[in-house]
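Novice: Use the sequences and the hints to build the structure in full.
2 protein chains.
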Amino acid sequence: MSNEFPISASISLGFLCILCASFGVLVEGRILGLKSNSDLDDSLVYLWPLPSQLSHGNTTISVDPHLSLEVGGKGGDSSIVREAFQRYRDIIFKHSSRGNAVYDITNIKIIVESDNETLHLGVDESYSLYVAKQDGLSILGDATIEANTVYGALRGLETFSQLCSFDYGTKSVEVHKAPWSIQDEPRFVFRGLLLDTSRHYLPISVIKQVIESMSYVKLNVLHWHIIDEESFPLEIPSYPNLWKGAYSKWERYTVEDALEIVEFAKMRGINVMAEIDVPGHGASWGAGYPDLWPSPTCQEPLDVSKNFTFEVISSILTDMRNIFPFELFHLGGDEVNTDCWSSTPHVKQWLQMHNMTGKDAYQYFVLRAQAIAVTKNLTPVNWEETFNTFQENLHPQTVVHNWLGPGVCPRAVEKGFRCIYSNQGVWYLDHLDIPWEGFYNSEPLEGIDDASAQKLVLGGEVCMWGETADASDVQQTIWPRAAAAAERLWSRREVTPTENIRVTVLPRLLYFRCLLNRREIPAAPVKNELARRPPAHFGSCYEQ
Amino acid sequence: MSNEFPISASISLGFLCILCASFGVLVEGRILGLKSNSDLDDSLVYLWPLPSQLSHGNTTISVDPHLSLEVGGKGGDSSIVREAFQRYRDIIFKHSSRGNAVYDITNIKIIVESDNETLHLGVDESYSLYVAKQDGLSILGDATIEANTVYGALRGLETFSQLCSFDYGTKSVEVHKAPWSIQDEPRFVFRGLLLDTSRHYLPISVIKQVIESMSYVKLNVLHWHIIDEESFPLEIPSYPNLWKGAYSKWERYTVEDALEIVEFAKMRGINVMAEIDVPGHGASWGAGYPDLWPSPTCQEPLDVSKNFTFEVISSILTDMRNIFPFELFHLGGDEVNTDCWSSTPHVKQWLQMHNMTGKDAYQYFVLRAQAIAVTKNLTPVNWEETFNTFQENLHPQTVVHNWLGPGVCPRAVEKGFRCIYSNQGVWYLDHLDIPWEGFYNSEPLEGIDDASAQKLVLGGEVCMWGETADASDVQQTIWPRAAAAAERLWSRREVTPTENIRVTVLPRLLYFRCLLNRREIPAAPVKNELARRPPAHFGSCYEQ
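From first to last, the protein sequence lines stand for chains A and B.
When you read off a place in the first sequence, starting at 1, and then add 74, the result is the number in our numbering.
When you read off a place in the second sequence, starting at 1, and then add 74, the result is the number in our numbering.
It cannot be assumed that every hint is accurate.
Just so you know, same-sequence chains aren't split out, so a pair can sit in one copy or run between any two.
What the hints assert, rightly or not - Straight-line distance between alpha carbons at most 25 angstroms, and here's what the computed PhoX-like set of lysine-lysine pairs gives:
1) 323 x 245
2) 318 x 251
3) 323 x 601
4) 245 x 318
5) 489 x 323
6) 323 x 168
7) 168 x 282
8) 251 x 323
9) 318 x 168
10) 168 x 207
11) 282 x 207
12) 340 x 422
13) 422 x 282
14) 245 x 282
15) 245 x 207
16) 148 x 251
17) 318 x 148
Hints were generated in silico from the structure; no laboratory data involved.
Specialist: Quick look at the structure:
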């Protein structure tokens, strides 16, 4: 494993390649912290997720609590950059520093090449980060982030914030092991987290907190599973009775709420992919429009026999297109049981008239919904059952969303479809028995060797289904395990250890979980056998 | 129970006394929300804790999202008031309102009689709140809070914020059942929550969030159990090695951190009562100064035989007095096992020289620590074992802190001591099997009938011991059960129902828990058999 890590070509100041070192030297059985006040394993890099390329020195430098921002490039003066700088200043300087000190770093320079702020799939998120003491000799004084887009600059700011830590001895924020030179870019363009607001309503403040925490691990897609059979919380202006399917009059999202979430996410470089899960998970739609049900006693799948059903879908997509600018739109399509169709007289009659089986009608529904989406310039994403059942009959633009198990993306990309990896055995956050190692060791490209086929795998997504996750526990169910998947999705395979991860990765994840806690994200203990459990006994955050 | 609720004498506009109504009319077995979109039980008042006196009408009025503040009185222009107004504006207006509307309430007037901002025990927290539509006839236009101190004004703002709710239909913030007239004051002067940062370190951001949430239920004392045998996180300038007893170099509080927490709490009308739990819970002190241990292998109680021990205690109290202005200071004194004293040769020799038993030495230690505190103008608070063992030998200023069970406060006040009620059977938050009803039905004055004796009960405190509560779960272990105790401590006994509380109180607590969630406080489901458990299945917040 040693020496596989590429040294950055762009600098040649004789820095150590410390990731190489960490692969070579495994510190067996190291116990951190408790009563020992020991340092962390110094051979590891405490950044999460790991950057593509880095080199560093061995100097400690201090950072001015009045850190100022200098911008450059066509895109540097963006409000996205300026607001992010303010956020990160609050994150970095949570403690009062000792007064009257002289600091090594007083300024951060952010240079953004482009002023195009469109946040599309595959937007350039690469960045370079240099942190060095201004010594009058170096041309790289202070901290500098260079990026092609504002979104790359955001990623660089996050990395910079993780280099900074408060030292309780000097009472100042310090960067250890400076100077740093980092070149970084994501491995996959789609790095998602699913939130389910149908099984439990999540207040917009909670959704925002989840989005904020996603930015800490460089995830870039919130898959908002807004609606399901249990409740329909979103306002749809074209069909204003739809949100009568909400649990209560307070468990709703107005159009303005949703716009605010999209804007909040965009400011953090995160796209919002909305979903309507049709036809199988639509019972709540009928609370406002009972005609959408096959019958009041047999409520799903949505009635395939009525034009009205597709008129409603079309209007929903139009209304949601005005809220969600992301080009991917999830149309669901999973877990369709057609019994209600064959057992409800008027639907049964329609099936017979069109000479369709239940399966035929399922395909008819999926393809018609896809066609509606495509006319609205949306790229349809569907759960894997649609691909498993209908294969190349699907619209060629379809993105297949894996969930049932391994092996689906290889088959989907073989047929030329793009794919998102969410194998429930390793990336379903509501499966509490999947430990962090399960999330970490998974591989979206498993079984796909051909480079051009690999390109069809957009990335992956961890799924936070909401049956037992509400505003009280959703964050500790997500974190820290989602961070393990986030590193898999961001970091090049070559820079992440595959062996002895309890030594090579665990100390970094323990450290990162404590970082989340300091940022008010209630990430659960790392080492518990079951996720989101309380700590079993007293002790240091860095050990639990 | 009906008609026991006093009508406010200060207004006579013919409002309904709705609490009277709610006591008389019990809605049996009402199921809220799920799929029904039903309203709440309209006979209840959805304020937590219930005010002393209130009356209201039946009009809905709207509140301007650009609500402005007008101040009056000598204390109105305080930064405490102005910053609180900004906080509550953010809380009240979390959703975008429909534009161009005309609002009934555009202004809130806060009149504060006194400019004395000293936050001492028993500070006046009373307030009056009027909310009425400006109609050109009434002299009580808009919203008005009148208070003797800024801290009363804070309580009034909290109540005002709970009267406001966002209506998803009109897309504006509304006050229902206006006009409102409320006169309110606390039942007890000491309404506390204990936080334990020794068993698990809590980042300052988390402590601040807990303080913020305390203000939502009008709790007014954070009992900061900073240090215990497991870790010593606080910086003590006089003895700078003491915080070597921290779990790690990052799990610490600087003096500046602690000052910031005290200031943050004061801005919310909350005192911080610090504790050093001597001599029984002091093992972590010896990490920095091993001389404080009887011996390296027998580490507590702190060495009673050395003057050094009391020099350190004295210096700690001096240093902490500079951080914590609150007059009450907790000296612990619980769970003292003197075996280490009698088994360590030099301590054993000292005992023999002074003709002391272990119990004598325990008393000697407690009284000497109390004497040190009193010389520094601190009022000593001690856990009940000190009273149970030494009775009137304690310093007469001692506040006895109950925890072991019922019946202690009656005995303490009989001896003339003041008392704080924390009966572990009902008010220990780490006892996960105590349901909200247990917290709600408890009574600090139980067994004390004499009015002058009752006055010696300062109030009570719920205790969040940290063995299994860290930054990931402390808030859902605290909430919503602490709210049940908070109503007991704030609201006059006569205004809180005692019977059928699953009908008279539970709907209000369910509503309040969802309010906490909307304010980003991850309060756990109310109805689970064990506290802080996830919701058992999908459903509405208002039912779980």
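Novice: None of the hints should be skipped; say for each whether it holds.
Specialist: We went through each hint and held it up to the structure:
1. 323 x 245: between (49 angstroms within a copy, 12 angstroms between copies)
2. 318 x 251: Between copies, since 24 angstroms is at most 25 angstroms while 57 angstroms is not.
3. 323 x 601: Between copies, since 21 angstroms is at most 25 angstroms while 40 angstroms is not.
4. 245 x 318: between (54 angstroms within a copy, 15 angstroms between copies)
5. 489 x 323: neither (45 angstroms within a copy, 54 angstroms between copies)
6. 323 x 168: between (38 angstroms within a copy, 16 angstroms between copies)
7. 168 x 282: both (20 angstroms within a copy, 12 angstroms between copies)
8. 251 x 323: This pair counts as between: shortest inter-copy Cα distance 18 angstroms, intra-copy 54 angstroms.
9. 318 x 168: between (43 angstroms within a copy, 22 angstroms between copies)
10. 168 x 207: within (22 angstroms within a copy, 43 angstroms between copies)
11. 282 x 207: So residue 282 and residue 207 fail the 25 angstroms test inside a copy (36 angstroms) and across (34 angstroms) alike.
12. 340 x 422: This pair counts as neither: shortest intra-copy Cα distance 46 angstroms, inter-copy 69 angstroms.
13. 422 x 282: neither (45 angstroms within a copy, 61 angstroms between copies)
14. 245 x 282: For residue 245 and residue 282, only the inter-copy Cα distance (20 angstroms) is at most 25 angstroms; the intra-copy one is 31 angstroms.
15. 245 x 207: The answer is within: 19 angstroms in one copy meets 25 angstroms, while 52 angstroms across copies does not.
16. 148 x 251: Classified as neither: same-chain Cα gap 32 angstroms, cross-chain 55 angstroms, threshold 25 angstroms.
17. 318 x 148: Answer is neither: 47 angstroms inside a copy and 50 angstroms across each miss the 25 angstroms cutoff.
In terms of the numbered hints stated before, the structure departs from hints 5, 11, 12, 13, 16 and 17, listed from lowest to highest.
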